[in-house]
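Got chain A; can you put chain B with the ligands on it based on the hints?
Going down the list, the protein sequences come from chains A and B.
The first sequence begins at 1 in our numbering and counts up by one.
The second sequence begins at 1 in our numbering and counts up by one.
Be aware that one or more of the hints could be misleading.
[Said to hold, decoys possible] Below, a list of computed lysine-lysine pairs in the PhoX-like style, where the Cα atoms sit at most 25 Å apart: (1) A:K280 to A:K8; (2) B:K275 to B:K320; (3) B:K101 to A:K100; (4) A:K19 to A:K280; (5) B:K320 to B:K219; (6) B:K33 to A:K128; (7) B:K195 to B:K219; (8) B:K275 to A:K309; (9) A:K128 to A:K100; (10) B:K175 to B:K33; (11) A:K74 to A:K100; (12) B:K317 to B:K256; (13) B:K101 to A:K83; (14) A:K84 to B:K101; (15) B:K294 to B:K317; (16) A:K74 to A:K309; (17) A:K74 to A:K8; (18) B:K101 to A:K74; (19) B:K306 to B:K316; (20) B:K316 to B:K181; (21) B:K33 to B:K43; (22) A:K309 to B:K195; (23) B:K101 to A:K309; (24) B:K316 to B:K175.
[Stated by the list, open to error] A partial selection of chain A residues facing chain B, derived with a Cβ cut-off under 7 Å: (25) K91; (26) H96; (27) T98; (28) K100; (29) L105; (30) V110; (31) P116; (32) I117; (33) L123; (34) K128; (35) N153; (36) D310; (37) V313.
[Stated by the list, open to error] From chain B, some residues computed to sit far from chain A (all C-beta separations above 10 Å): (38) E47; (39) E48; (40) A127.
In short, the hints are calculated from the structure, not lab data.
A virtual CB, placed ideally from N, CA and C, is assigned to each residue, including glycine.
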Amino acid sequence: MEDIEMYKKMLEIRKFEEKVYDLFTQNLIPGTMHLYMGEEAVAVGVCAALTPNDFITSTHRGHGHCIAKGASLKKMMAEIFGKKTGYCKGKGGSMHITDKNIGMLGANAVVGGAIPIAVGAGLSCKLKYPERVTVCFFGDGASNQGTFHEGINMASVWDLPVIFVCENNLYAMGTRQSLVMNIEDISERAAGYGIPGATVDGNDVMAVYQEAQRAVTRARNGDGPTLIECKTYRHKGHSRFDPAKYRPQEEVAEWMARDPIESFRYKLLDKGIPEEFLHKIESTVETEIEEAVEFAEESPLPEPEDALKDVWVVE
Amino acid sequence: MREITVVEALNEALREEMRRDENVVLLGEDIGKYWQGAFKVTKGLEEEFGPERVRDTPISENAIAGCAVGAAMTGLRPVAEIMFGDLVALAMDQICNQAAKLRYMSGGQVSVPMVLRTPFGAGGSYASHHSQSLEAWFVHVPGLKVVQPSNAYDAKGLLKASIRDDNPVVFCEHKFVYGLKGTVPEEDYVVPLGKAHVAREGEDITIIATSLMVDRALKAAAALEEEGISCEVVDPRTVRPLDEEELCASARKTGKVLIVHEACDTGGISGEITKTLVRRVFYYLDAIKILAGKDAPIPFAPVMEKWVAPDEERIKKAVKEIVL
Ligand SMILES: Cc1ncc(C[n+]2csc(CCOP(=O)(O)OP(=O)(O)O)c2C)c(N)n1
Ligand SMILES: [Mg+2]
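Okay, chain A solo, but in the shape it has when bound (with noise of 0.2 Å):
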């Protein structure tokens, strides 16, 4: 992917969040959401890696995700609103979104859930699909669960094309990763299962783009897994409403000059990009986002009686 395509991906991820949750302080959105603001660069990276027949599993936190592997934007914000015409027809919601059709298996609110699910899309991959591979994006919090040990050690045991990417923003809801773990890297405990580990600075696309495209390549050459560990942080309170009042303001104010989006900025400028060029993309985005809630609030919303459709596959 050229990286002028990940600013713009990046924009879209930031830009999409920055109206939903203005959606949502106004009561217009129903629920709970987690914002994926300030880790934009773990996703696109990610996925700038990936083409659209691999397939990725997603966590609650998982609107960058979605945008990252190539969602409409459009049906995204349906599902947001609970409207008939989102990705799932109202019955998903935020932590729900699954687009079939760009291999995203779904956002997942069990945190932890879909690391054992990554692994069978591996073993999906292994035997009908060997040109592609699965990326697993979970968190720091998510690490702890059986899952990710059961999981990573079944795709190492089998050589699964799966990369399993621990997005460590520090904090899983107010439990800060030292109160829960004994170790600094999360990449550590690939040792644990006979696989390469790497830590990368999360915030920076460039930086994970590489890590995860070496990753990719070992995976599609058949041999087996990864761990990669993106250190990141997220610029809002875990959800809703909340302040993360438990995060230090030092710490809340170093990692906000390190904005994932506005440094890449900087170096697309450095490198020669004119601006004018980037205020472009920025406002093409300003329209995509707007279209999205249109779309959202112009369609339909769900009959009650869908509640009962879509449970079972009738022959």
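Chain B with the ligands alone, transformed into the frame defined by chain A:
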């Protein structure tokens, strides 16, 4: 026609489905050539289909179920084995939150055509971690089909139907049904899910029994015949979806119903069957009685273990209490 055991019938079903469709793969602990499955259901399958399709897994129940979910979503048709039914507790998230709900949550975009096979049931002094019957746990989760074969013919046909079904199926095998012999045709057939079977026709009372209790109910019915009581024995075969038509038709005909299952009384599927009968044929019924397992974990000592599950004597006694 030839007679084979339920284990052999299940083995044939797996073998034939794997020959028919290369997307069918097996996952489980010790199912491969070294052990052939804790109850030998997968005997000889790795030898025929190789280790890519018959996969010995780590002891990781949640990952076994989850791997099956992910594989099923992406084009394979996995059959996962959980070595003992009680251990499904370790895989519940993947079965009940993932397999059952992913189609729904994705608005119908994905399907999860997987089968989770597991041996339930008491009778071998395996004690409380290896003996319970937990079909009702799964019946309560929309999105899962739940199957309980009671004989060799059904075991083969139901397993084939389950593998071909596009929904996730929990396939509950009873450890003491495994050895039962029955006639099974050589040619391909399926037993459709959601269809009950009248295992014995009768006039005076309907015994609705599941899994191993079908065999016991049939023995009781044969003995009662000598005493002049004519029992109809109906085997739902799948407890979700339940064949309401067949159960209600039989209940309506005899007007008296005894429901028998090994799973413990409270929260068992007998409550569900009763609800169906009350809703649909209440005015035709003189009596409904439930004979279920006692409300206890399955104990170790044979005297206690035998006592907690319904047996032929108790079935006969319960029938007489209703009929006489
Ligand atoms: C199995 C499970 N336990 C608890 C929760 C509640 N919960 C939702 S998100 C979360 C924290 C997850 O932290 P992490 O994996 O680091 O991801 P992050 O939110 O930081 O992206 C918790 C505890 C849940 N959804 N699932
Ligand atoms: Mg976290």
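Structure-based check of each hint:
Restraint check for A:K280 and A:K8: the C-alpha separation of about 10 Å stays at or below 25 Å, so the hint holds. The suggested pairing of B:K275 with B:K320 holds, with an alpha-carbon distance near 23 Å, which does not exceed 25 Å. At roughly 15 Å between alpha-carbon atoms, B:K101 and A:K100 fall within 25 Å of each other, so this suggested pair holds. Proximity of A:K19 to A:K280 is assessed by CA-CA distance (about 19 Å); at most 25 Å being required, the pair is judged to hold.
At most 25 Å may separate the alpha-carbon atoms for a hinted pair to count; B:K320 and B:K219 meet this at roughly 15 Å. Proposed proximity of B:K33 and A:K128 is supported: the alpha carbons are some 23 Å apart, at most 25 Å. Annotation: proposed proximity of B:K195 to B:K219 holds, straight-line Cα distance about 22 Å (limit 25 Å). Proximity of B:K275 to A:K309 is assessed by CA-CA distance (about 24 Å); at most 25 Å being required, the pair is judged to hold.
With a C-alpha separation of about 17 Å, the suggested pair A:K128 and A:K100 falls inside the 25 Å cut-off, and the hint holds. Only pairs whose Cα atoms come within 25 Å are accepted, and B:K175 paired with B:K33 is accepted, the gap being roughly 21 Å. Pair hint A:K74 plus A:K100 holds up; C-alpha atoms about 16 Å apart against a cutoff of 25 Å. At roughly 14 Å between alpha-carbon atoms, B:K317 and B:K256 fall within 25 Å of each other, so this suggested pair holds.
Between B:K101 and A:K83, the direct Cα distance comes to roughly 19 Å. Compliance with the 25 Å bound is thereby established for this hinted pair. For the hint pairing A:K84 with B:K101, the CA-to-CA distance comes to about 18 Å; that is within 25 Å, so the pair holds. Simply put, B:K294 and B:K317 have alpha-carbon atoms about 16 Å apart, close enough for the 25 Å limit, and the pair holds. The straight-line distance between the Cα atoms of A:K74 and A:K309 is roughly 22 Å, inside the 25 Å bound, and the hint therefore holds.
Proximity of A:K74 to A:K8 is assessed by CA-CA distance (about 16 Å); at most 25 Å being required, the pair is judged to hold. The straight-line distance between the Cα atoms of B:K101 and A:K74 is roughly 24 Å, inside the 25 Å bound, and the hint therefore holds. Using a Cα cut-off of 25 Å, the hinted pair B:K306 and B:K316 holds, with the two alpha carbons roughly 16 Å apart. Between the alpha carbons of B:K316 and B:K181 the distance comes to roughly 23 Å, so the proposed pair stays at or under 25 Å and holds.
A C-alpha spacing of about 7 Å is found between B:K33 and B:K43, which places the hinted pair at or below 25 Å, so the restraint holds. Between A:K309 and B:K195 the CA atoms are separated by roughly 22 Å; this keeps the pair inside 25 Å, and the hint holds. Pair hint B:K101 plus A:K309 holds up; C-alpha atoms about 12 Å apart against a cutoff of 25 Å. The straight-line distance between the Cα atoms of B:K316 and B:K175 is roughly 23 Å, inside the 25 Å bound, and the hint therefore holds.
For A:K91, the interface hint holds, the least distance from its beta-carbon to any beta-carbon of chain B being 5 Å, beneath 7 Å. The beta carbon of A:H96 comes within 4 Å of a beta carbon in chain B, closer than 7 Å, and the hint placing it at the interface holds. Interface hint at A:T98: satisfied, since its Cβ lies 4 Å from the closest Cβ of chain B, which is below the 7 Å cut-off. Annotation: interface hint on A:K100 holds; nearest CB of chain B at approximately 4 Å, less than 7 Å.
At about 6 Å, the closest approach between the beta carbon of A:L105 and any beta carbon in chain B falls short of 7 Å, and the interface hint on this residue holds. The criterion of a C-beta within 7 Å of any C-beta in chain B is met by A:V110, whose closest approach is roughly 6 Å, and the hint holds. With a least beta-carbon distance of about 2 Å to chain B, the hint placing A:P116 at the interface is held under the 7 Å criterion. Because the beta carbon of A:I117 sits about 4 Å from the nearest beta carbon in chain B, less than 7 Å, this interface hint is met.
Interface hint at A:L123: satisfied, since its Cβ lies 5 Å from the closest Cβ of chain B, which is below the 7 Å cut-off. With a least beta-carbon distance of about 5 Å to chain B, the hint placing A:K128 at the interface is held under the 7 Å criterion. Given hint, A:N153 at the interface with chain B, holds; its Cβ is 6 Å from that chain's nearest Cβ, closer than 7 Å. Restraint check, A:D310 versus chain B: the minimum CB separation of about 4 Å is within 7 Å; hint holds.
The restraint placing A:V313 at the interface with chain B holds, with a minimum CB-CB distance near 4 Å, inside the 7 Å limit. Distance check on B:E47: its Cβ is at least 19 Å (rounded) from any Cβ of chain A, clearing the 10 Å threshold; non-interface status holds. At roughly 16 Å, the least C-beta separation between B:E48 and chain A is larger than 10 Å, which holds for a residue marked as non-interface. Distance to chain A confirms B:A127 as a non-interface residue, since its nearest Cβ pair spans about 24 Å, more than 10 Å.
When the structure is compared with the earlier hints, no violation turns up for any of them.
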